[in-house]
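Undergrad: Please put together the full structure from these sequences, using the hints given.
These protein sequences, in sequence, are chains A and B. Here the first sequence stands for residues 2 to 458, where the numbers follow the working numbering. Here the second sequence stands for residues 108 to 513, where the numbers follow the working numbering.
Treat the hints with care, as some may be off.
What the hints assert, rightly or not - Sample of chain A residues at the chain B side, in silico, Cβ under 7 Å:
(1) 388
(2) 391
(3) 394
No lab work stands behind these hints, which were simulated from the structure alone. Positions of the beta carbon are idealized from the N, C-alpha and C atoms, including for glycine.
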Amino acid sequence: MSGEPRGGRIVVVGASLAGLRAAETLREKGFAGELTIVGDEALPPYDRPPLSKQVLLGRVRARDVGLPRRRAVDARWRLGTPAAGLDTAGKRVLLAGGEKLPYDRLLIATGTRARPWPNPGEAALDGVLTLRTADDASRLAGLLDAGPRRVLVIGAGFTGSEIASACRERGLEVTVAERGPAPLVGALGGTLGALAAAQQRAHGVDLRCGVTVTSLRGDGGRFAGAELSDGSRVDAEVAVVALGAVRNTEWLAGSGLAAGPRGVACDAGCRAFDMYGIVTDDIFVAGDVARFPHPLFEYQMLSLEHWGNAVAQAEVAAHNMVSAGPDRRPHLAVPAFWSSQFGLNIKSVGVPTFSDQVVIVQGSPQERRLVAVYGYRGRVTAAVSVNRAKWLEHYQSLIESGAPFPPGPGAADGPGPPLSPVPSAVPDPAVLSHGPSVALTGHLPDRRLAVVHHQDG
Amino acid sequence: MAQDTLFRRITDYAHRADPYPLYAELRRAKVARQEDGSYLVGAYHEITALLHDPRISSDTRERTDPEGPFPQDSSLPPSFIGLDDPEHDRLRRLAMRPFGPPHTPGRVDALHGDITAIARELVAGLRHKDRIDLVDDFAYPLPVTVICRLLGVPHEDVPRIHAWTTTVITSLDISPGEDPARRREAALAARAEMAHYLGELAGKRRGHPTGDMLSALVNDPGPEGALTPLELMISSVLLLIAGHETTVNLITNGMLTLLRHPEALALLRDRPELMPAAVEELLRYEPPVHMLPQRTPLVDIEIAGAVIPRGVPLILVLASGNRDPLRFEDPDRFDPERPDNRHLGFGSGIHSCFGAPLARIETQIALTELLHGLGPLRLAEDPPPYRSSPVLRGPRHLLIERVDGG
Numbered sequence: 002m003s004g005e006p007r008g009g010r011i012v013v014v015g016a017s018l019a020g021l022r023a024a025e026t027l028r029e030k031g032f033a034g035e036l037t038i039v040g041d042e043a044l045p046p047y048d049r050p051p052l053s054k055q056v057l058l059g060r061v062r063a064r065d066v067g068l069p070r071r072r073a074v075d076a077r078w079r080l081g082t083p084a085a086g087l088d089t090a091g092k093r094v095l096l097a098g099g100e101k102l103p104y105d106r107l108l109i110a111t112g113t114r115a116r117p118w119p120n121p122g123e124a125a126l127d128g129v130l131t132l133r134t135a136d137d138a139s140r141l142a143g144l145l146d147a148g149p150r151r152v153l154v155i156g157a158g159f160t161g162s163e164i165a166s167a168c169r170e171r172g173l174e175v176t177v178a179e180r181g182p183a184p185l186v187g188a189l190g191g192t193l194g195a196l197a198a199a200q201q202r203a204h205g206v207d208l209r210c211g212v213t214v215t216s217l218r219g220d221g222g223r224f225a226g227a228e229l230s231d232g233s234r235v236d237a238e239v240a241v242v243a244l245g246a247v248r249n250t251e252w253l254a255g256s257g258l259a260a261g262p263r264g265v266a267c268d269a270g271c272r273a274f275d276m277y278g279i280v281t282d283d284i285f286v287a288g289d290v291a292r293f294p295h296p297l298f299e300y301q302m303l304s305l306e307h308w309g310n311a312v313a314q315a316e317v318a319a320h321n322m323v324s325a326g327p328d329r330r331p332h333l334a335v336p337a338f339w340s341s342q343f344g345l346n347i348k349s350v351g352v353p354t355f356s357d358q359v360v361i362v363q364g365s366p367q368e369r370r371l372v373a374v375y376g377y378r379g380r381v382t383a384a385v386s387v388n389r390a391k392w393l394e395h396y397q398s399l400i401e402s403g404a405p406f407p408p409g410p411g412a413a414d415g416p417g418p419p420l421s422p423v424p425s426a427v428p429d430p431a432v433l434s435h436g437p438s439v440a441l442t443g444h445l446p447d448r449r450l451a452v453v454h455h456q457d458g
Numbered sequence: 108m109a110q111d112t113l114f115r116r117i118t119d120y121a122h123r124a125d126p127y128p129l130y131a132e133l134r135r136a137k138v139a140r141q142e143d144g145s146y147l148v149g150a151y152h153e154i155t156a157l158l159h160d161p162r163i164s165s166d167t168r169e170r171t172d173p174e175g176p177f178p179q180d181s182s183l184p185p186s187f188i189g190l191d192d193p194e195h196d197r198l199r200r201l202a203m204r205p206f207g208p209p210h211t212p213g214r215v216d217a218l219h220g221d222i223t224a225i226a227r228e229l230v231a232g233l234r235h236k237d238r239i240d241l242v243d244d245f246a247y248p249l250p251v252t253v254i255c256r257l258l259g260v261p262h263e264d265v266p267r268i269h270a271w272t273t274t275v276i277t278s279l280d281i282s283p284g285e286d287p288a289r290r291r292e293a294a295l296a297a298r299a300e301m302a303h304y305l306g307e308l309a310g311k312r313r314g315h316p317t318g319d320m321l322s323a324l325v326n327d328p329g330p331e332g333a334l335t336p337l338e339l340m341i342s343s344v345l346l347l348i349a350g351h352e353t354t355v356n357l358i359t360n361g362m363l364t365l366l367r368h369p370e371a372l373a374l375l376r377d378r379p380e381l382m383p384a385a386v387e388e389l390l391r392y393e394p395p396v397h398m399l400p401q402r403t404p405l406v407d408i409e410i411a412g413a414v415i416p417r418g419v420p421l422i423l424v425l426a427s428g429n430r431d432p433l434r435f436e437d438p439d440r441f442d443p444e445r446p447d448n449r450h451l452g453f454g455s456g457i458h459s460c461f462g463a464p465l466a467r468i469e470t471q472i473a474l475t476e477l478l479h480g481l482g483p484l485r486l487a488e489d490p491p492p493y494r495s496s497p498v499l500r501g502p503r504h505l506l507i508e509r510v511d512g513g
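TA: This is how it looks when you write it as structure tokens:
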């Protein structure tokens with residue numbers, strides 16, 4: 002490590018959840034040097050989960066979702082200034098305006114952005130938008146306030162499904178188009194995908210699965226409708242493109258780091274790898290942009306778009322930035338996320354896509370209340386609860402201890418037939434409209450999940 | 108001393124004022140089998156694992172010997188605290204509908220003003236007294252008034268509620284070796300009378316709602332339907348008793364602890380914004396519920412290198428877990444600013460305290476009003492006389508004197 006661990010200059014690139022929590026942790030751990038935080042958005046750090054929920058329902062304004070501060074960070078904020086390049090030899094971050102920020106240690110927390118609609122002309126139509134930033138949410142909330150006759154949501158991952166849920170709650174007609182076989186199937190597999198599809202239809206969503214949107218139609222520059230791959234048409238006034246996220250790594254091209262579309266690779270201590278697979282000691286990574294090996298999932302490189310991971314990984318990265326060798330800690334947090342949509346509170350621990358089987362251990366899809374446990378080659382790797390979150394801690398301990406799958410029966414399961422696991426039916430991410438929010442970024446980029454099954458022995 | 112008499116010693120009234128050294132002994136054993144066949148667990152991580160384990164039942168009918176310690180009331184079905192999911196979940200959800208989120212998110216917040224007014228009135232009544240019994244003069248009347256108002260029980264019936272509650276609670280006492288039959292019978296009778304009283308009251312509210320929880324329970328069923336009349340009676344007895352009995356101990360233990368730690372008391376007088384964190388620390392340091400005696404394993408459970416056999420009484424000593432040095436740094440220190448304080452004061456898992464948000468604000472308001480409404484105080488007697496229960500542990504009286512010149 003260069004310089005005194007608690008002194009010198011630290012630059013944090015990324016001013017959202019991971020960047021802020023890392024900065025706070027640096028100060029918490031006694032970092033007394035110069036701290037600079039660079040962010041491409043003009044707003045101070047804010048919380049994204051409400052943007053697809055409360056903000057769209059009009060309960061909270063998009064500008065009122067600033068992240069609570071844990072402590073003062075005493076930093077120089079460079080907001081509204083994207084980073085444009087990185088000189089690892091000269092240890093400088095290049096800003097969009099040409100300015101160069103020297104650092105002793107660097108944290109990369111640039112996160113992701115919404116994947117845009119592929120046709121720029123269609124994407125520019127009035128009424129077509131993505132949802133990632135507070136500005137996006139503010140615009141979308143405004144469009145929904147105007148009472149459009151129909152909203153088209155393209156992609157039924159978590160963001161798309163939550164947007165559709167908010168539309169229905171506001172009484173708006175909504176069509177959801179998804180290339181995969183069901184909503185949420187990319188993250189949760191077939192069993193819960195089927196539940197999500199039934200729930201959307203029960204709430205009046207016009208859900209079209211197994212189709213792609215082939216073009217967006219305009220009328221005088223305004224979005225008017227879409228053509229689908231099955232030959233059908235949807236007339237709508239708003240189209241929300243929810244095709245997943247793109248990792249913000251372009252600025253690292255040419256930096257020599259192992260950075261690409263799947264994120265910036267780092268070790269368990271959040272230290273970035275260079276393009277030769279050699280670990281750096283002055284560049285750290287945290288949050289959605291990181292890909293890191295996880296021992297519970299056979300050391301596969303994981304990329305997680307999870308709120309909790311951003312916080313936990315930022316804390317570990319910051320700790321390691323100001324700690325020498327043996328005092329450093331690994332980032333071992335069990336992945337977890339939540340979503341609320343169509344009256345369902347969905348919570349997940351572990352990695353449901355890292356599975357070959359799933360079994361419902363409590364409740365049932367009919368009750369809209371269940372716990373599903375996922376297994377891979379005979380051990381528990383994930384659990385998802387629907388309206389039954391208080392049980393998850395138990396299943397988390399099963400994941401952490403590599404407990405056998407399927408788990409034994411319990412008091413909460415009620416009398417019933419013995420557990421019968423079924424294939425978890427997690428599709429290859431390539432068949433989904435939206436990208437996966439958890440990617441197992443193994444060795445074969447286009448067959449990320451298949452690689453799991455080929456690694457026997 | 109042998110671990111198999113630990114429970115006998117913990118429940119011995121002689122150790123009521125300070126059971127903590129016995130808890131330290133219990134934690135060293137991790138899992139302690141008792142001479143009567145029950146098992147005691149007092150280490151934090153083991154307790155939380157068991158609280159979240161679906162193989163652990165809260166229904167004492169699952170016991171191999173249902174007539175052992177804490178036998179079930181056979182005249183009425185168990186309330187949801189003594190049931191497992193999915194039945195527990197259904198009943199608790201229906202009871203939660205008029206109390207908390209997602210259907211009634213504002214209920215507890217809306218009580219803030221009422222609780223403050225009641226607390227201020229009680230404090231005003233203490234100002235002319237030189238010697239205060241904090242239990243009888245404040246810590247009991249406050250929560251009982253609040254829970255009665257919340258449920259819709261007329262204030263003039265509080266003495267009846269008090270008598271019934273005391274009888275029911277006394278039956279929870281554990282005095283190994285003593286024949287508990289007589290106390291049990293009295294408790295069963297009291298619980299039945301209380302259930303009928305509340306059932307009748309709810310009946311009167313049907314079609315004549317008065318804005319309280321009983322009214323909402325009978326008049327505003329959700330899409331899943333209402334509680335049956337019997338379920339309503341049993342659930343409201345639980346809410347009424349649990350809704351004030353434990354808060355009395357929390358407030359009293361709180362004042363006792365603050366008077367024993369003058370530096371903490373001074374800090375809270377200066378910085379009232381620290382009170383919420385201080386109440387969390389009280390829930391850790393002197394919790395109102397010391398143990399959960401109702402659990403039963405449905406299969407043999409392996410934990411901490413031991414096997415707890417199916418069907419035995421399993422007693423989780425929350426107050427011991429709260430002092431576990433493997434979880435809390437310097438656990439015997441009272442630190443109102445303690446970070447990362449995930450205590451077991453409200454339990455954990457699916458049976459975690461239903462009324463926790465209410466208990467929190469009641470205690471925060473109660474202690475704030477006591478600290479600011481009265482001058483300097485000191486304990487007239489330390490330790491105070493305790494109530495007999497080792498489960499719902501707290502002082503029977505807490506005599507406090509005003510300090511001259513205050």
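Undergrad: Does residue 388 of chain A hold up as a contact with chain B if the rule is Cβ-Cβ below 7 Å?
TA: Status violated, d = 9 Å.
Undergrad: Quick one, is the residue 394 of chain A hint okay against chain B at 7 Å, beta carbons?
TA: holds (4 Å)
Undergrad: Holds or violated: residue 391 of chain A as interface residue toward chain B, Cβ cutoff 7 Å?
TA: holds (5 Å)
Of the numbered hints given earlier, the model fails hint 1 alone.
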